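Protein chains in written order, with this note's numbering: chain A, 774 to 1032; chain B, 774 to 1032.
Treat the hints with caution; some may be incorrect.
Copies of one chain are not kept apart here, so a pair can be met inside one copy or by any two copies together.
What the hints assert, rightly or not - Straight-line alpha carbon distances no greater than 20 Å define the calculated SDA-like cross-link-like pairs of lysine to any residue that follow: (1) 933 <-> 959; (2) 1011 <-> 874; (3) 933 <-> 962; (4) 854 <-> 812; (5) 1014 <-> 878; (6) 1014 <-> 885; (7) 933 <-> 958; (8) 854 <-> 803; (9) 1014 <-> 873; (10) 827 <-> 1012; (11) 1014 <-> 887; (12) 1011 <-> 878; (13) 933 <-> 909; (14) 1014 <-> 877; (15) 1011 <-> 829; (16) 1011 <-> 958; (17) 846 <-> 873; (18) 1011 <-> 877; (19) 846 <-> 911; (20) 846 <-> 903.
Note that these hints are calculated values from the structure, not bench results.
These numbers come from a predicted model, not from an experiment.
Number of protein chains: 2
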Amino acid sequence: MSKQAGTVHLVGAGPGAPDLLTLRAARLLAQADVVFYDALVHPETLALAKRAEKIAVGKRCGKHSTQQRFINKRLLDAARKYSVVVRLKGGDPMLFGRAQEEIDALHAAGVSCEVVPGITAALAASADLRTSLTRRGVSRNVTFVTPRVGEGEDASDWKKSVCNADTAVMYMAAGQAAIVAAKLIASGMAHDMPVAIVENASLPTMATIATTLGALQSAGERMTHGGPALLMIGRVFKHVKSARSAVTDRDALREVLSA
Amino acid sequence: MSKQAGTVHLVGAGPGAPDLLTLRAARLLAQADVVFYDALVHPETLALAKRAEKIAVGKRCGKHSTQQRFINKRLLDAARKYSVVVRLKGGDPMLFGRAQEEIDALHAAGVSCEVVPGITAALAASADLRTSLTRRGVSRNVTFVTPRVGEGEDASDWKKSVCNADTAVMYMAAGQAAIVAAKLIASGMAHDMPVAIVENASLPTMATIATTLGALQSAGERMTHGGPALLMIGRVFKHVKSARSAVTDRDALREVLSA
Chain A
774 MSKQAGTVHL
784 VGAGPGAPDL
794 LTLRAARLLA
804 QADVVFYDAL
814 VHPETLALAK
824 RAEKIAVGKR
834 CGKHSTQQRF
844 INKRLLDAAR
854 KYSVVVRLKG
864 GDPMLFGRAQ
874 EEIDALHAAG
884 VSCEVVPGIT
894 AALAASADLR
904 TSLTRRGVSR
914 NVTFVTPRVG
924 EGEDASDWKK
934 SVCNADTAVM
944 YMAAGQAAIV
954 AAKLIASGMA
964 HDMPVAIVEN
974 ASLPTMATIA
984 TTLGALQSAG
994 ERMTHGGPAL
1004 LMIGRVFKHV
1014 KSARSAVTDR
1024 DALREVLSA
Chain B
774 MSKQAGTVHL
784 VGAGPGAPDL
794 LTLRAARLLA
804 QADVVFYDAL
814 VHPETLALAK
824 RAEKIAVGKR
834 CGKHSTQQRF
844 INKRLLDAAR
854 KYSVVVRLKG
864 GDPMLFGRAQ
874 EEIDALHAAG
884 VSCEVVPGIT
894 AALAASADLR
904 TSLTRRGVSR
914 NVTFVTPRVG
924 EGEDASDWKK
934 SVCNADTAVM
944 YMAAGQAAIV
954 AAKLIASGMA
964 HDMPVAIVEN
974 ASLPTMATIA
984 TTLGALQSAG
994 ERMTHGGPAL
1004 LMIGRVFKHV
1014 KSARSAVTDR
1024 DALREVLSA
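Isolated chain A, as found in the complex:
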């Protein structure tokens, strides 16, 4: 590694809305020589990197179109060639982003690495709903969790974490909502536990479905239409109303609303 090696900045792009980027992230994008970006990053955010080579590395909703090891290798190569390397990740890099694998690979190679936090989807959805995740007398804690249904489930019991929290926000869960609801009910959660499903948090296409764990167990995936969505579970969501933005694409959401 030459002494001229650059720094890799793992940067959170935030929940979707381009103006929910941080000032620091905007500055780094403007300075970047190269940007490796995920599928869900907003085009306006990417456009801030005026002088950078922009390289899609295609991760979306936990799927890995590009192998993680290959991304690590590309970051290392870029740090040898460029001064300012940005790895732009949806939301916050340190939550469900596999950042540690990239950080460890850079560290092992002696490449300098900085992390810039981003607004995570749960906080954007909470703002959209005008519903605080904690609330005096109702909730003093919140858990952020991804479910793992099926194989290897017992290795890390997501159900315990949800059942023992006052408020839970489940990432990457909407695609298996019915089975998630069934497993939580089987673990002792109440049928009438309020659930808010928020799709496309912070974007003009944001849509909310207010339901309960019991209803979700029956209707499940039919409630959502496949956009990035959060399952938000807890008594704080009792007064949330189903809603969609005026500018929401009617066709895309017809399925949601007829569920």
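Following the hints, complete the assembly by docking chain B onto the known chain A.
Only chain B this time, still in chain A's reference frame:
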């Protein structure tokens, strides 16, 4: 309420570093007629509100120097008088910020209210430590929690939430770290469970103490020096090292380092 009533924006100021503010928050501050701000907001952040009347409402670390009801009243009065009212809160407004009481008061009075999310301290600390809160094979969930030791403790069991999470970040806990550690050990957590205490996350005065639950039980509050600090608990923190920034105030931290 006249039709000319303004909008109240509950805005997250982020964890401390002024450039971890969002672009949206910066724009709103520049447009604001009046800003009601908490004690921990950075002066540079406040300075972005060039044309606004700035009013301290003095909340710090959960203490309420100004009564919440009085703050609600002032927000309502301001919305009647001004077009753009900003309520600037440390971190994210929807986590441990009593936002709901302000939102509900505004809603009841028919005043328009918007929420702008902010970077919460846990994510800034995770970035500072270059340690992801979730990690493949180690942690698939994280809980954010405030402890409540003593009176009314059983009403909302913070210990259950921490013990059933893979990773836990405790806000407003450093002042009672020893008793928190003792209660978690009594609830079944391992003595050797890694703990990272992060003070002044994102700021030049950031300091980290790497320890274990067992050591914290003995040393406790002597480890911290009273700045805003997070207790971060979990196996993901196993490789964290104690550290302090080069620009850290030596006097303020002498106590920490001699603990």
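Each hint, compared with the structure:
1. 933 <-> 959: both (12 Å within a copy, 19 Å between copies)
2. 1011 <-> 874: So residue 1011 and residue 874 pass the 20 Å test across copies only (15 Å; inside, 38 Å).
3. 933 <-> 962: both (11 Å within a copy, 15 Å between copies)
4. 854 <-> 812: neither (24 Å within a copy, 44 Å between copies)
5. 1014 <-> 878: between (45 Å within a copy, 18 Å between copies)
6. 1014 <-> 885: between (46 Å within a copy, 17 Å between copies)
7. 933 <-> 958: both (12 Å within a copy, 19 Å between copies)
8. 854 <-> 803: within (18 Å within a copy, 39 Å between copies)
9. 1014 <-> 873: Answer is between: at 16 Å across copies they meet the 20 Å cutoff, but 37 Å inside does not.
10. 827 <-> 1012: neither (43 Å within a copy, 33 Å between copies)
11. 1014 <-> 887: between (40 Å within a copy, 16 Å between copies)
12. 1011 <-> 878: between (44 Å within a copy, 17 Å between copies)
13. 933 <-> 909: between (23 Å within a copy, 18 Å between copies)
14. 1014 <-> 877: Classified as between; 15 Å across copies, 43 Å inside a copy.
15. 1011 <-> 829: Answer is neither: 40 Å inside a copy and 33 Å across each miss the 20 Å cutoff.
16. 1011 <-> 958: Cα proximity of residue 1011 and residue 958: one copy only (17 Å, versus 34 Å across).
17. 846 <-> 873: within (14 Å within a copy, 46 Å between copies)
18. 1011 <-> 877: The answer is between: 14 Å across copies meets 20 Å, while 42 Å in one copy does not.
19. 846 <-> 911: So residue 846 and residue 911 fail the 20 Å test inside a copy (47 Å) and across (23 Å) alike.
20. 846 <-> 903: between (42 Å within a copy, 19 Å between copies)
Comparing the model with each earlier hint shows violations of hints 4, 10, 15 and 19; every other hint is respected.
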